[in-house]
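Model the full structure from these sequences, guided by the hints.
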Amino acid sequence: MGHTVICRRLSKTYHQDAIAVRALSEVDLDVPKGDFVCLSGPSGSGKTTLLNLIGGLDAPTSGEITVDGQRVDLMTQAQLATMRLKHLGFVFQAYNLIPVLTGQENVEFVMQLQGIGRKERRARAQAILKEVGLERLENRRPAKLSGGQQQRVAVARAIVSGPSLVLADEPTANLDSENGEMLLELMGRMNQEHGVTFIIATHEQLVMDHARRLIHLHDGRIVSDELQR
Amino acid sequence: MSALNLSLLYTLAWRNVWRNRRRTLVILLAIAFGIWSMVTLAAIMRGMIEQQVDNTINNLTGHIQVHAVGYRDDPSIDNSMLSPGPSMLKVLRSEDVRAWATRVRVPAVVASERESTGVTLVGIDPKAEQGLSFIAKAVTEGRYLQSPGDQGLLLGRKLAERLETSLGKRVVLMSQDIDNEIADRGFRVTGIFDAKMEATETGFVFVGRTLAQEMLKLGARVSELALVVEDRQDLDAILERLANAAQGLDVQPWTKLEPLLVLTVKMYDATMLIWFVVVFLAMCFGLVNTLLMAVFERTREIGLFQALGMRPRFILSQVMLESLTLLLTGLVIGNVLAWATIAYLGDGLNLSAFAKGLEWAGMSSVIYPLAAASDVVMANLLVIVLGIIASLYPAWRAARYVPVEAITRT
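Protein chains in written order, with this note's numbering: chain W, 1 to 229; chain D, 1 to 410.
Errors might be hidden in some of the hints.
Partial list, derived from the structure: chain W residues whose beta carbon lies under 10 Å from chain D [what the hints assert, rightly or not]:
| hint | residue |
| --- | --- |
| 1 | Asp58 |
| 2 | Thr61 |
| 3 | Arg84 |
| 4 | Lys86 |
| 5 | Leu88 |
| 6 | Gly89 |
| 7 | Phe90 |
| 8 | Asn96 |
| 9 | Leu97 |
| 10 | Ile98 |
| 11 | Val100 |
| 12 | Glu105 |
| 13 | Phe109 |
| 14 | Gln112 |
| 15 | Ala158 |
Partner residues aside, some chain W positions facing chain D, computed with beta carbon under 7 Å [as the list claims (entries may be wrong)]:
| hint | residue |
| --- | --- |
| 16 | Asn52 |
| 17 | Gln77 |
| 18 | Ala78 |
| 19 | Ala81 |
| 20 | Leu85 |
| 21 | Val110 |
| 22 | Leu113 |
| 23 | Leu214 |
No lab work stands behind these hints: they were computed from the structure. Don't be surprised by glycine CBs; every beta carbon is placed ideally from N, CA and C.
What follows is the structure in C-alpha cells.
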C-alpha cells in the first residue's frame, strides 16, 4: 500500500515580534492510503500546524511534505490551490460552510470549482447528503442548520469530490457528545466505504477512541505513534 | 474561466451583495444618485449648449456663410460680392442644403424724430429667410416683409422703444453707398420683432434686399450668402463643395464665424467631464469602502475558499464581480431615474429667474434637456471602468490573503 502523506524533517517556526516560536520540530510522518489518523496533544503541541502544512495552507520553515506523490513544500500558491482542489478535503472546527450557499450548494461547491457538470454534481451531492442523513435539509442555508448538521454537510463536501485525503481540525469541538459521536461514525464510514484517508487533529478522547492510529505530539514533536486497532 | 465557474462566481457575488442590505442600499443609492446627477445634468447642459448653438445659427449666422474676402474684417459696402453664379447655385440647390439666402448687410444709422442709433442694416429676401433665420417668425406686431422689394422696415421691440417710435411711423436709414456717398431713405415701420436676445432686437434693422441694393447703389451685389444644411454633422462635405464653387470668396462654417460659441461648447464639455469625475470620486470612496468592509468581514470565508481550492485569481474575480454587480445595479437605477427626470422636464425647465444672465450667454430662459447618447455612454462607461479599477485594490487584498492567517482570523 502506498502513502498518501510523507513528511520528512518537517519544521515550522513562527516569529512574533523578535521572538521565534518553534511550532513543529523535525517531524517525520508516513500516512498510508486509507488510514484514519488522529493527531492529539495539548494546545500548542503543533497538531494544527502539522495539519495546515500537510494541506498547503501554510509553508514549512524546512523539511519536505509529499501528498499523493507531489511535493507540497515546493508548490506556488496557484499550484497549492489546485492540489487542494483535486486531492484534499477540509473540515474545520467552525466557519466550515459558505453562508450564502444552501447545504446542497455547499456540497456542490468544490465539484463546481472542479468543472463537474450540473447534472452529475447534483446527483452526487444529493447522494452524499442522503448518506449523511441530510437529504431533507439540502435547501437550507447554514444559519438554518444545527452545528452537527453543519459539520455533516462539511464532511459531505469534503469527500464528495473524491479526495484522497481529508484533513479535519477539531471537527467535534463545537458539538455535543451525541452529535460528535454521530460525526465520527460518519467519518469512519466514509473512510471505510470510500477509502479516503483521514487525518484529524483533536484533543478530545472521543475522537482518539475512534482513530485507527493515534499520534501524540508535544512541543512540536511526535512523542508517540501507535496503532489502536 | 469556465461557464460553470462564472455561474458560481455570479451566484456568490449576487448573494454576497445582499448580505448586508442596509450597506448595499446605501452604496446603491450613492451610485444611482451619482449617475442620475451625471446624466441629468449632462442632458440639461447639452440642452443649453444645443439651444445656444441653434440660437446663434438661427440668428443670421447659418451653418455656412460666404462673403467677399475682407468683409469679415471690414463689413462695409466696399466688400460686397456678386450674387451666386451657376456653379454656386448648383451646390445651393442640392438636397443637403435646407435653405439659403443672400443679404445686404452693412453698418447704418437709424433715426426717428426723437432718437438715432447705430445698427446693422440687413436687406433680405423675406421668403428665402424662412427656415434660415429667426426673422421670418419673429414679427409679433405688424407684418413680415412680403418681397425683396417690400417698402417696409422691421424694427426690434427694444430698438423701437429706444427710438421712441412704433408701428406705422417713419424712420430714416442712413449708410454709405458704393460711391462712398451718404445714402439715406425713409421707411415706414411695418413690423416689430421680438428676439431671444436683446442685442438682436437693438442691433438689427431689416428691409427688403432690393430696396437696400437700390439705396446703396449696389446693383445685384450682396454682402453675404448664408445657408443651413439638413444635418449639421455633414457640414464638411458641403463646405468643401461650396468652397470649390465659390472661388475667390471667403467660405466659412459657423465654427469659424462664432469662435466664442465653439469655445463655450468646449468649456461646457470640459465642465461636464470635471463634474463626472468629481461625482465619480465621491462615489468611488463609498464603493471601495464598502468592498473593503465586505472583504474584511469575510476574511475567514475567503480563507475557507482558499482551503477548498479556489485560486487567488478566482477570489479576485469574485470581489470584482461583486463590485460590478453593485455598479450595474446602481447604474440601472440611476439611468432609469435620470430618464424619468429628463422625460418630466421634456416641456422645458423654466429658468426665467436667471433669464437676464442666460440671455447674455445667448440662451433661452426655458431649457429643454437633451440626453445625448455620447454623454450617457461616457457617464456610464466612466463609472464602470473607473469603478472596476477602484475595486482592484480590495479585490487584490482579498486574493493576497495567506490561507492559514485568513482561516484563523477572529
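Violations among the numbered hints, reported as their numbers in ascending order: Structure breaks hints 2 and 23.
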